[in-house]
Structures are given as C-alpha cells and as structure tokens.
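As you go down the protein sequences, you meet chains H, S and E in turn. Going by the working numbering, the first residue of the first sequence is number 0, and it counts up by one from there. Going by the working numbering, the first residue of the second sequence is number 1169, and it counts up by one from there. Going by the working numbering, the first residue of the third sequence is number 99, and it counts up by one from there.
These are computed hints drawn from the structure, not numbers from a lab. The structure presented is a predicted model; accordingly, all values stated were derived computationally and were not measured. In this text, a Cβ means the ideal position worked out from N, Cα and C, and glycines have one as well. Among the hints, a few may not be true.
Claimed, not checked - Example chain S residues on the side facing chain E (calculated, C-beta under 8 Å, incomplete):
(1) 1398
(2) 1407
(3) 1409
Stated by the list, open to error - If you want the ones that stay clear, here's a sample from chain S, every Cβ over 10 Å from chain H, calculated:
(4) 1194
(5) 1199
(6) 1213
(7) 1298
(8) 1319
(9) 1323
(10) 1339
(11) 1466
(12) 1493
(13) 1509
(14) 1525
(15) 1531
As the list claims (entries may be wrong) - Some chain S residues judged to face chain E by a derived CB distance under 7 Å, without partners named:
(16) 1264
(17) 1330
(18) 1384
(19) 1391
(20) 1392
(21) 1393
(22) 1395
(23) 1410
(24) 1411
So you can see what is in the structure, the chains are spelled out below.
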Amino acid sequence: MGGGFGPLLSFLATTRGGLDGHLVGALRKARSSVQSSLVTRVIGIALAAVVIIYLSPKVYALGPSYFLRIVAVGVALGAIYALIAIGYTMVYGIVELINFAHGDVFTLGAFISLPLLVTPFWHLTEETGGGWGIVLPLIAVFLIVMLITGLINVGIERVAYRPLRNAPRLAPLITAVGVSFFLEGVMYLWKGAVNLHYPDLLPSNRFVGGTFSAKDVIVIVAAVILVAGLAFFVNQTKLGKAMRATAQDRDAARLMGINIDRTISATFFIGAVLAAAGGITYGLYINSVNNGLGFPIGLVAFTAAVFGGIGNIPGAALGGLIIGLIRATNDGYVDPQWTDVVTFAILILVLTLRPTGLLGMRVPEK
Amino acid sequence: MPRLLRRARGLTRNRDAIIYAILIAGVFIVPAIANFTQGTSSGVVLDQVANAGVFVLLAIGLNIVVGFAGLLDLGYAAFFAIGAYTYAMFGSGWLDVTALHHAVHIPFWILLFVGMGLAALSGAILGAPTLRLRGDYLAIVTLGFGEIVPRIFRIKIEWTGGINGITALDQPTLPVWFTGPWAGQDFGITRNQVFGLDPVPYYILIVILIAVSVVLASNLYRSRLGRAWMAIREDEVAAAAMGVNPVTIKLLAFSIGASFSGFAGVFFAAKLGGIDPTLFGFQNISIVILVMVVLGGMGNISGVIVGAIGVYFLQNVIIPQLPTWTTGAASSVGLSFLNNPNGDWAGLGDEVQRLNFIIFGLILVGTMLFRPQGLFPSQLRQAELQKGTSDQSVFDASTS
Amino acid sequence: MNEPILSIHGLTKRFLGLTAVDNVTFDVKRNEIFALIGPNGAGKTTLFNCVTGLFAPTLGRVVFDGSEITGTRPHRVAKLGIARTFQNIRLFDYMTVIENVLVGEHARMHAKLWDSVFKTPQERREEAHVRERARELLKFVGLEKHAESYARNLPYGQQRRLEIARALATDPKLLLLDEPAAGFTPQEKAELMQLVQRLREQGLTIFMIEHDMKIVMGVSERIVVLDHGEKIAEGTPEVVRRDQRVIEAYLGKSA
Ligand SMILES: Nc1ncnc2c1ncn2[C@@H]1O[C@H](COP(=O)(O)OP(=O)(O)OP(=O)(O)O)[C@@H](O)[C@H]1O
Ligand SMILES: [Mg+2]
Chain H
0 MGGGFGPLLS FLATTRGGLD GHLVGALRKA RSSVQSSLVT RVIGIALAAV
50 VIIYLSPKVY ALGPSYFLRI VAVGVALGAI YALIAIGYTM VYGIVELINF
100 AHGDVFTLGA FISLPLLVTP FWHLTEETGG GWGIVLPLIA VFLIVMLITG
150 LINVGIERVA YRPLRNAPRL APLITAVGVS FFLEGVMYLW KGAVNLHYPD
200 LLPSNRFVGG TFSAKDVIVI VAAVILVAGL AFFVNQTKLG KAMRATAQDR
250 DAARLMGINI DRTISATFFI GAVLAAAGGI TYGLYINSVN NGLGFPIGLV
300 AFTAAVFGGI GNIPGAALGG LIIGLIRATN DGYVDPQWTD VVTFAILILV
350 LTLRPTGLLG MRVPEK
Chain S
1169 MPRLLRRARG LTRNRDAIIY AILIAGVFIV PAIANFTQGT SSGVVLDQVA
1219 NAGVFVLLAI GLNIVVGFAG LLDLGYAAFF AIGAYTYAMF GSGWLDVTAL
1269 HHAVHIPFWI LLFVGMGLAA LSGAILGAPT LRLRGDYLAI VTLGFGEIVP
1319 RIFRIKIEWT GGINGITALD QPTLPVWFTG PWAGQDFGIT RNQVFGLDPV
1369 PYYILIVILI AVSVVLASNL YRSRLGRAWM AIREDEVAAA AMGVNPVTIK
1419 LLAFSIGASF SGFAGVFFAA KLGGIDPTLF GFQNISIVIL VMVVLGGMGN
1469 ISGVIVGAIG VYFLQNVIIP QLPTWTTGAA SSVGLSFLNN PNGDWAGLGD
1519 EVQRLNFIIF GLILVGTMLF RPQGLFPSQL RQAELQKGTS DQSVFDASTS
Chain E
99 MNEPILSIHG LTKRFLGLTA VDNVTFDVKR NEIFALIGPN GAGKTTLFNC
149 VTGLFAPTLG RVVFDGSEIT GTRPHRVAKL GIARTFQNIR LFDYMTVIEN
199 VLVGEHARMH AKLWDSVFKT PQERREEAHV RERARELLKF VGLEKHAESY
249 ARNLPYGQQR RLEIARALAT DPKLLLLDEP AAGFTPQEKA ELMQLVQRLR
299 EQGLTIFMIE HDMKIVMGVS ERIVVLDHGE KIAEGTPEVV RRDQRVIEAY
349 LGKSA
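The shape of chain H in the complex, shown without the other chains (with noise of 0.2 Å):
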C-alpha cells in the first residue's frame, strides 16, 4: 500500500506546504469561522450604529447637496484608490510580497505625464485647454504614460525582485524600500521637492444642484473602464488565466506548463499600468503632485487591497471605494487631521476581526 500514488503524493506534500501545508490554515479556519462570523457581526453592527449616530446630526445640518458632494468626492478618490489598490493586491496574490515601492509607481506615472502634455503634435495646457479636443490626446497621453510605467515596473521586478525570489521573504521587501528611495529620488532629481502645478483640463461644470462636477465623473468614467478592462483580460485572456493559476498555485501552475516568470512580469506591468493611469488621473483632479506623494497613498491603497481582501482583486476595486467615501465622509463631517488615523484603525479593526477582508475568498493560509 506504499505503492501507487502513496510515494508521489508525499513527496508532492514535502515540496511546498501541500497537503500538510493545509494544517494550520483549516485550523484556524475551523476555529476562527464559528468564532469570528457571530462576534464579528455584532461587533460590526454596534459600530456601524455607534458612526450611524454620531453622524446623522451633523448630515442633517449640513444639508442633502452637501452630502451628495461628499460622496462624489469620495467615489472619485475611491476610484483613484482603486487603481492603485490593484497593483498592489496583484503582486501580492502572486509573489507575496507587499510592493513598497508601488506608490512610488504611481506618482511617477504623473511625473512622466507631465512633459507629454505639451507635445509637437498637441498643447494640453489651461489656456488651451477644455472641449472635446483635449479627448484624443489625453488618452494618447495615458497609453503612452501606462505603457512606459509599465514597462519600467517590469524593469523593476527583473532587477530588484526576480533575483531574490528563492530569498528570504524580507529580502524583497527590502529592495522594495530600496526601490521605494530610489524612485522617490529620481523624481527629485528630476524636478526637485516641491508641490507641482498639475494642469487642470478637465471641465468642472457641475451638475445637480452643484452637487457632483464633470470632473468627478470623468474620473469614476476612467476608472470603471480600466477596471473593466482589466477584468475582461484576468478572466478572458490566457495570460490572464496563467495569472490567476499562478497566485493560487504557483507550483501546480508550473507544473501545468505555465511560465511564471513571464506570468510574473505581467502582473508587475499592469499593476504599474494601473497605477499610472491613476498617477494621471490624480493630476487631473487635484491639480498638485510632488515626488513623496506615492508612499502615503500608497499606504491608504494598500489598506483598501487588505480591506477588500489581499489578492483578490474585485475586492480592491471595492476597497477603494470604501476607504475613498470613508475618508471623504471624515474629512467632510469629523476633521480632516483624523482622517489617516481612521483609516489606519479600519485597517488593524478589519483584520482582527475579519482577516479575509470583505470579498477574501482565500482564507488567510497558503
């Protein structure tokens, strides 16, 4: 009876976790789900009501147009969040590694959209700005800008990750601070330490009552069709395929005949993709960027990718969101200088009492 597949199953169980390696996840699974489902819940209503009543005086003071305004605010943050939160949680589901210099990423996508405003071939600039002739070029804009930040992440990986993935853990970590200094430095090299005027091209008429701005809309509209995009390509595509067999299994995915090192370097170039788009988009709708601004954003994206559930990627597109009109909602009706501290106390409160995140499919084991 140690014939048959009995050698080759434990061997296989030996290699990588496998079937033991499912011990102390089912454990903690078995224990934590009846525990956490009843206490999570009541724990999660009662502060859900405790903000619930602690807000609604002051929504009702100020009014329905300025509530309708927190929230298109906080959608289009979100949606920016979002972007961001994506590359972040991809990278993550597929080489664990929690990516430091992702937000660095994205800060320089609008860094390196700034030059390409004002081209031989089109002037986007205020004064010339607004109408519908800004649209073609701007999109021109964000595929050339997506396409370089991609392909450097892809660069990055290459040299600072690729190297140490048999590493210990920490080891990628620490070239992703690395990396992290290193492009916050170029940046400042390149245009020094100071908050940069972003030109503000995109039309702010507003509607309903003043309530919501073409602009937001313009950056919810954005960010809905790349995530859109992006869904149809994981789902749809075989690389999108080999991307998610990967994330859940990369040895079986190997064995499968599927190449991770280039499943791998696709995951860095469209979590850079993303992230750049969401670079421009920031720029487009605050007007101001400087080079330290990816590593906090970064931080509350990261929150929004563990919020949704770390690695599934719907659930940081919902993440975003949240912490999007979270963070609007504290801004607009608490005080702004909580608004990190809140975020930071979602992030520890979720994943303490919920550590799959709201959409975490994959129990935290692996």
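Once you've looked at the hints, dock chains S and E with the ligands against the given chain H.
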C-alpha cells in the same frame, strides 16, 4: 559535509568574536579619536555616536521580533514614540501647561522602566488579537499601528504639543547617593550629578545599556524561550504539537521587542531634550530599523549591531557629507568650475545632495542582491548559504 | 489495567463536502501497541490531526486519560501527554539535533521569563538537566553522535528517529506515530520494531499508522482499519487479516 559545516560554524563563531572585539575597542577609541581630531568640538562626534547607539538598541530589540521569532513588525516606531513621549510628558514641566496644571518631574531612571513597561503593554494589547493571524497580517497591523501613534501625538495638541512637540525636558541626574570620581572635577563627566548638555555621559550610558542588552538578548536566545521562538519560526505546527503555545511565545517576542523600543525612546527623548512627532515616522524609523536588522543579518546580534551602525552612519554622516567631499575633491583636481552653479547645473555640491535618496536606495537594493541573508547572517543562515538557498523562507516556515 | 487511555466516539471530519473521517469509534487501551491502517486517503492522518488538536472535529468526541480533549488546542494536548510524529517529517530544519529534542522538553520546563533573561542559577541547573535528558534520548534512538548537526543535514532514516526522540522529550503517555517506517530499509524497520517494543515495555502506549503489513502484523496487538473515512474492521491481526471487507478495500484499491 558535516566537517565542512562544522568549520563554517567555527568561522562564524570566530567572526562574531572578532566583531565584538572590534566594537569594544571602538567604544574606547572613538572618544580618543574624537578628542584628537576635533579638539574642543569632540562633542559633535560623540553626540553622533551616542545617537547611533539608540539605533543599535532599537535594532537589537527588533531583531528579537524579526530575527529570533520570525515575526515581521513594521510599526516599531510606535513603541519608540510611546517611550519618548512617556519621558517628555512625565520628565519635564510640560504637564503644567496641560489641563492637569501640575508638572511631574519623575526621575529619568524610573521613567526608563515606565516607558519600557508601557511599550511592552501596548505591544501585548496590539499583539493579543492579531498574533493568531498569519505572519503577513501581523506586519500589516503593526504598519497601521505605527502610522496611528505618531499622528495621535500630533493631533492631541493639548496633551502632546502637536507638531511642535514637547521641549525643555529634564536632564537626567544621578541619585545623590551615587557619587564618585565621575562627578568630581577630575573627570567631570557629570556636573553636580546632572548629565548636562555634554554628550559624554549619554555616550557612556548608551554604551552600558547596549552592553547589558546584548547580554540579556543572547541569554534569551540561548534559553528555553529562544528555542521556542526558533521552533515557531521554523514550523509552527510542529512546535505546537510539541507543547509550545504559539500565541504566548509570539506575544512574548513581540512585547519584549516593544519594550526595547520603549526603553530606547526614553533615552532618546532625554538625550535630545525635546521631541516632536516627525521623529517617529515609518520611513525614518520603522523601515530604517528593519533595514538595519535585515542588512546586518537577522537573528545574529553582532551582525545586527554592525548593520545598525553602518546604516546610521551611511544615512547621517556619509551621505550628507558627500556634497562637501565631492566639491573638495573637484577643487583639488582642478575641476572647481563644477562646483559653481551654471544654468541648469546647481553646482556639484547641490547635485550630489540631490542624489541622497537615490544612493541610499541603490545601496539597499545592491546589498540585498549580493547578500540576501544580510552581511553577517547567523550560523543558521550561514549553513543555509552553504547548502544553497532553500526554497523555504523564514516567514513561509512560520505561516505556511 | 484494561481501561482505555484514548477513546474516540463518533469522530467525523468534513472538508468542504469531502468526509475524510466518518463516524469512527474505537478505544486504544493503556500500554498496548495499536495500529491504524487503511488505503491511501482513508483518513488516517486526518484522524491523528483531530486527536492532537490540529483539526477541530466536525462531530464526535475524543477522550484522553479520562478527560475530554475534543477541540483542545495542540499545545495543550501535548502537555496532557499525547506526542506525535508526522508523516512527512517536520523537524526544525535549521536547529541542531539536540535543540530539536530540547524543544520537546519545552513544556516540561519551569524557567520563567525572568530566569531566561538573567540566566539565574535555577535556569542553568534546569538547562543542564534537560540537556542531559536530551542526550539520553538521542542515545536511545542512536543519534548521540549527531547532537550538534543541523536536523536538515541528517539522512532520512535518522530524521525519522529524531522525530521520535523529540516526541519522547515531551514525556508523553501516548505516542502517535504516522508511518514511522515509510522509506526504511528492512534493517531499519527491524530496529524500529525493537524501539517500539522497548517503549511499550517502559509503559508507553503506542498508536501508529503504518502501511507495512509485516510491521503492523508483527508488533501491534490490535488494529483498526479505515477505508474512505469509515471504520471497516477492528481486532487482532489474525482477525483483521482474514476480514473480507479489509481484503476488498485493499484489493479494490490496487486493482
Ligand atoms: N486540510 C485538508 N483540507 C482538505 N482536504 C484534506 C485536508 N487534509 C486531508 N484532506 C483529505 O482528506 C482525505 C484523507 O486524507 P488523510 O491524509 O487523512 O489520508 P491518509 O489515510 O493519511 O492517507 P495516506 O496513507 O496517503 O497518508 C484525503 O482525501 C485528503 O485529500
Ligand atoms: Mg497519512
């Protein structure tokens, strides 16, 4: 193979002994050199070295969490801040300005332990619900905690002084009964038992604190608890099946690590004489300490100390001095025109200054690529190198 | 004397629709050598995991030495006196052989945090004492010469023996062995059988999973057979050997 391995291990033991010998020699030589090269301004050098000592203390503490127990702590600055603010609030006239209207001047020596205890306690409170989760989740929770704490110190202006922080902290004093030649005219280390603004007493004190910490941390490493940490790091399931309670063992590592940070924070605040929340950020503390530990060689106390000193001087002495050095070099080889601004060129000094971040980033990436296990890995990591890198990384072992 | 040390009542473990252990009931008596057999994937390891607290059973109870331990956490189970080895060896690879055994001693040691930090005389005495004991255990399994090697550098057979030594260091009443002879040469198997016999003579109860029928029939006094999670037979080797369902389960599997 075993013989080769034994030799490798003998070498690493010797290597650690050599590192410690150099460090001990350095402790005595540094003040002498400082005195010799800088005459009366020797204070500047000693002051830098004493500051570096704070980071050494922090690195020794974080190494317990990351190196011994294999837990990733990205919020180490929070405990440092808790220690520092403990001293700032209770060892100064500050509380007189707050709603309390009554300053408490608790002695430095007591607050050292209070700060340590408070940090350990907050570590335990944070760790208890989260240490049950897989390794990376702890990292993320600590990251969040590290972001929250300094921000709260910044916002609660009425209690913490906000962005301006708290200044005019008490100078540590030796208790009256603790007199000796150090207080007299001959050595003059302390004046009337007071530390004063001179860095010498701080230098001596931090050296003593580091020495004690090294001894205690290695005691821990070679104890029942140290073995339990290693076991959890290597294979949590097997360790639990052998009767090791993973949660309490991890909690201990986490709290003990935090206590080092709190302890260092009290010393740091007393030495600076004033603190503010920007001193305790993620990028300037939590990550830097982690870099020190990983670059030095996690798990190995002597390696971590070297990592801390190296990174500290790289960041605070070498890189900031680079502009001066390069302009000096340019002048001496007849390229002094480079030193003057010219159109887009801001002058060599300024240009090099702008490269700071890039240089630091490249050093981090480069070192990790060439020595993924750190500069002076522990014997265990060394053995791993001998056998080629294993596919089971430190954190996989404790989480998969 | 014949009262059970371990009783398993209606134990069931389901994984997302797959029932790995299905309503299994049996007793292990004090100081016997008891074997659990069955084809690959029958649920044997899962049953061990339920007993040692690595899995919480879906249904059923586990009673050890008179007290219920269903769902008790693994380190508590170990302290109560159940030690185990793993089917795919789980040593602490980057710790030395003796350190591996010392981890087994952990739960029996008394040094408090304070003692460890300051290396108090009690701590030193205790360390010396447990090291002595660990050396004896290594001698018992024939590894005393390798005390200072790293566990990962031992050859396979010695790693299995080290796992046994580490389990014994917890001073168990009941020892669970998950396929201890897997991959052994005939001589190693003979040595292992002797070792098991000696442990039993010292008062231990042995409960093992084993595929090698010579070992199972040779040393065990009673056997339970699992197939697809269900208990299909129980009794002495002679009885089990002739059981129609057992023969079918094995032939059906290999045919
Ligand atoms: N953590 C887990 N999650 C899901 N299924 C599991 C898990 N552990 C075991 N199983 C499944 O339960 C069944 C029983 O597995 P188990 O390892 O108990 O068999 P076994 O009798 O020990 O087999 P072997 O002789 O190969 O060791 C198998 O189908 C296995 O795939
Ligand atoms: Mg099995």
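Hints and how they fare:
1. 1398: 6 Å, holds
2. 1407: Constraint on residue 1407/S satisfied, holds at 7 Å.
3. 1409: Because about 5 Å separates residue 1409/S from the closest Cβ in chain E, which is inside the 8 Å limit, the hint holds.
4. 1194: 26 Å, holds
5. 1199: 33 Å, holds
6. 1213: Nearest chain H Cβ is 27 Å from residue 1213/S, so the label holds.
7. 1298: 6 Å, violated
8. 1319: 5 Å, violated
9. 1323: Per Cβ check, residue 1323/S is inside 10 Å of chain H; nearest 5 Å; violated.
10. 1339: 33 Å, holds
11. 1466: Non-interface label fails for residue 1466/S: nearest chain H Cβ at 7 Å, not farther than 10 Å.
12. 1493: Holds, because the least Cβ-Cβ distance between residue 1493/S and chain H comes to about 19 Å, which exceeds 10 Å.
13. 1509: 14 Å, holds
14. 1525: 3 Å, violated
15. 1531: 7 Å, violated
16. 1264: Status violated, d = 37 Å.
17. 1330: 38 Å, violated
18. 1384: At 5 Å from the nearest chain E Cβ, residue 1384/S passes the 7 Å test, so the hint holds.
19. 1391: 4 Å, holds
20. 1392: 5 Å, holds
21. 1393: 5 Å, holds
22. 1395: 5 Å, holds
23. 1410: 5 Å, holds
24. 1411: 3 Å, holds
Checked against the numbered hints above, the structure breaks hints 7, 8, 9, 11, 14, 15, 16, 17 and satisfies the rest.
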